[in-house]
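Residues per chain, in single letters:
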Amino acid sequence: MHVAVITNCTPDTAAAVAIDSGGNLKFDDKLVVNPWDEYAITEAILLKEAHSGQVSIITLGGPEHEEALKHGLAIGCDQAIRIWDDALQGWDSLAYASAVAAAITKLGGVDLVIFGKELPDIASEAHIFQTARRLGWSPLGFVAKIEAIDPAARTIRVRRQVESGTETVTSRLPAVISVIKDINEPKYPTFIGIRKAAKASIPVWKLADLGLDAAAVAPKTRRLAYQDLPKREGAVEIIDDPAALVDKLLEDKVI
Amino acid sequence: MSVFVWIELHKGQPIPASFEALGLARQLGDRVTGLVFGQGVDDAVKAAFAYGADTVIKADDASLARYRFEPYVALLAGLVKEHSPAIVLAAATTSGRELLAGAAADVGGGLLADVTELSLDGGKLKAVRPVLGGKVLSVEAVTADGPQFATLRNRAFPQPEPDAGRTGDVITVSPALAEDAIAAKVDSVESAAGQISLSDANIIVAAGRGVGGPEGFAPVKALAEVLGGAVGASRAAVDAGWIPYEHQVGQTGKVVSPDLYIAAGISGAIQHQAGMRTAKVIVAINKDPEAPIFKLARYGMVGDLFDILPRLTEEFRKKLNK
Numbered sequence: 001m002h003v004a005v006i007t008n009c010t011p012d013t014a015a016a017v018a019i020d021s022g023g024n025l026k027f028d029d030k031l032v033v034n035p036w037d038e039y040a041i042t043e044a045i046l047l048k049e050a051h052s053g054q055v056s057i058i059t060l061g062g063p064e065h066e067e068a069l070k071h072g073l074a075i076g077c078d079q080a081i082r083i084w085d086d087a088l089q090g091w092d093s094l095a096y097a098s099a100v101a102a103a104i105t106k107l108g109g110v111d112l113v114i115f116g117k118e119l120p121d122i123a124s125e126a127h128i129f130q131t132a133r134r135l136g137w138s139p140l141g142f143v144a145k146i147e148a149i150d151p152a153a154r155t156i157r158v159r160r161q162v163e164s165g166t167e168t169v170t171s172r173l174p175a176v177i178s179v180i181k182d183i184n185e186p187k188y189p190t191f192i193g194i195r196k197a198a199k200a201s202i203p204v205w206k207l208a209d210l211g212l213d214a215a216a217v218a219p220k221t222r223r224l225a226y227q228d229l230p231k232r233e234g235a236v237e238i239i240d241d242p243a244a245l246v247d248k249l250l251e252d253k254v255i
Numbered sequence: 001m002s003v004f005v006w007i008e009l010h011k012g013q014p015i016p017a018s019f020e021a022l023g024l025a026r027q028l029g030d031r032v033t034g035l036v037f038g039q040g041v042d043d044a045v046k047a048a049f050a051y052g053a054d055t056v057i058k059a060d061d062a063s064l065a066r067y068r069f070e071p072y073v074a075l076l077a078g079l080v081k082e083h084s085p086a087i088v089l090a091a092a093t094t095s096g097r098e099l100l101a102g103a104a105a106d107v108g109g110g111l112l113a114d115v116t117e118l119s120l121d122g123g124k125l126k127a128v129r130p131v132l133g134g135k136v137l138s139v140e141a142v143t144a145d146g147p148q149f150a151t152l153r154n155r156a157f158p159q160p161e162p163d164a165g166r167t168g169d170v171i172t173v174s175p176a177l178a179e180d181a182i183a184a185k186v187d188s189v190e191s192a193a194g195q196i197s198l199s200d201a202n203i204i205v206a207a208g209r210g211v212g213g214p215e216g217f218a219p220v221k222a223l224a225e226v227l228g229g230a231v232g233a234s235r236a237a238v239d240a241g242w243i244p245y246e247h248q249v250g251q252t253g254k255v256v257s258p259d260l261y262i263a264a265g266i267s268g269a270i271q272h273q274a275g276m277r278t279a280k281v282i283v284a285i286n287k288d289p290e291a292p293i294f295k296l297a298r299y300g301m302v303g304d305l306f307d308i309l310p311r312l313t314e315e316f317r318k319k320l321n322k
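These protein sequence lines are chains W and B, in that order. Residue numbering for the first sequence follows this note's numbering, beginning at 1 and increasing consecutively. Residue numbering for the second sequence follows this note's numbering, beginning at 1 and increasing consecutively.
Bear in mind the hints are in silico, worked out from the structure with no lab data behind them. Treat the hints with care, as some may be off.
The calculated lysine to any residue pairs, modelled on SDA-like cross-linking and capped at a C-alpha distance of 20 Å, are [claimed, not checked]:
hint : chain 1 : residue 1 : chain 2 : residue 2
1    : W       : Lys-145   : B       : Glu-117
2    : W       : Lys-26    : B       : Val-139
3    : B       : Lys-280   : W       : Ile-255
Take the sequences, apply the hints, and build the full model.
Printed below as a string of structure tokens:
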């Protein structure tokens, strides 16, 4: 089985962020592997252990995203690819999806694509479903457990967690899935794995390598600026008596 | 300007966030079309008119009984290509976010996902969206021509008053895919029955490490029950295995904006704040008067939650006559 896992680096969830006068984002700490992707990478390795085969790990972005690829290689991914091209600068979800789908097609023989639930930088998972659509494969989002994969019958059965409850769905392979936190306990790299990954040479696939032109990835939306959250007004009012708090909340008409 | 709104159904009824989308559609455009897909949808069609649709396009078929990506995307994308609406809106639920992403890919349209503000600027959608786990806002705009897509965060937009007398034309369409052309089959569904969804809740009572164990959620649940609210939890309580993940509020859980959020025994790590800071009123209950949650809260009680929560529950029971 050939599993492709898609990853990116992202600012640390604990990092303080600030916005300058030009609406640009500043953060102090270095990027980390998207925490959601750690579940995706681990799940890909677990599938390789169960069904044999190979795992390819792919990112789209500048060299700062290679850290996520090296993390994957150190855990057991077999090959890493970085997609980047000047024309991808300012990518939106559809541009990302178009390039990633083209890379998966170029790899050939991929049975399953795994994404972490979302990319926190863009706070969206649209690129996951759009990648599936570009490939013409069925996406199964918000997967809490892979119940079964039958490589011979070419089927996958998963449990998805959605607002209305938990769905068990069977679909055909190849498929695209996004995984949530419940799915596994993330693996961490070994010292030997880290040393091996550090030596790996990672190819960069440009648009021409993917058979795409700039028009195919022209973004359809644009970020104008970042803004600070509105400040919450007023200081906290400390109340000792539960009855007084109940009265305040009734006055505020939130009950 | 023509606006399509996908009306998401839960057990045959539109979800409240779909009404919020209809309300916003009326502000953005002058022709609002509600899209109702499902099986046995006549009540939902009536509701779509009552909450603001001028026209309803309905597809009523067994293959659409439950939301599935492929048949819904094929149907929506086909209707968008045929009618060329300027704007397509849906609630930013898991289904709404998937569906509009898929349809936007099919028609090559710009998509603004999970927005908390949306306006038109020179005919193009402009949105404010929380990013990076809700720590900052991103202002984004559609730049491409053609249909523009946006999903709206639950409770970020007001729900319009229904007018049961409103009615309009109903266009009936057939599914775009036959059942045997659909790869995904739903084997079973465990409904989150009886529980109020965190994203839709007006009131949430949440607890964290301070409850000390699974049985510590009993007074939290008791208060939520009296208030008709939902139970939330911090990551610490979920990771400890005291309560299932679907209750988790925060950066790696759900983002909520209820009218009232009562945080008991939650210190208020930045990752938790990201999930609840847009609540209208926040009440913090914590032993530690220095806990960061007090910086967000309008009201605070310093003390033991096991002492305070039962007394609050009792007071509410009295005042609400429950």
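The hints, checked one at a time:
1. W:Lys-145 / B:Glu-117: Violated. Lys-145 of chain W to Glu-117 of chain B sits at ~34 Å, over the 20 Å cutoff.
2. W:Lys-26 / B:Val-139: 16 Å, holds
3. B:Lys-280 / W:Ile-255: 12 Å, holds
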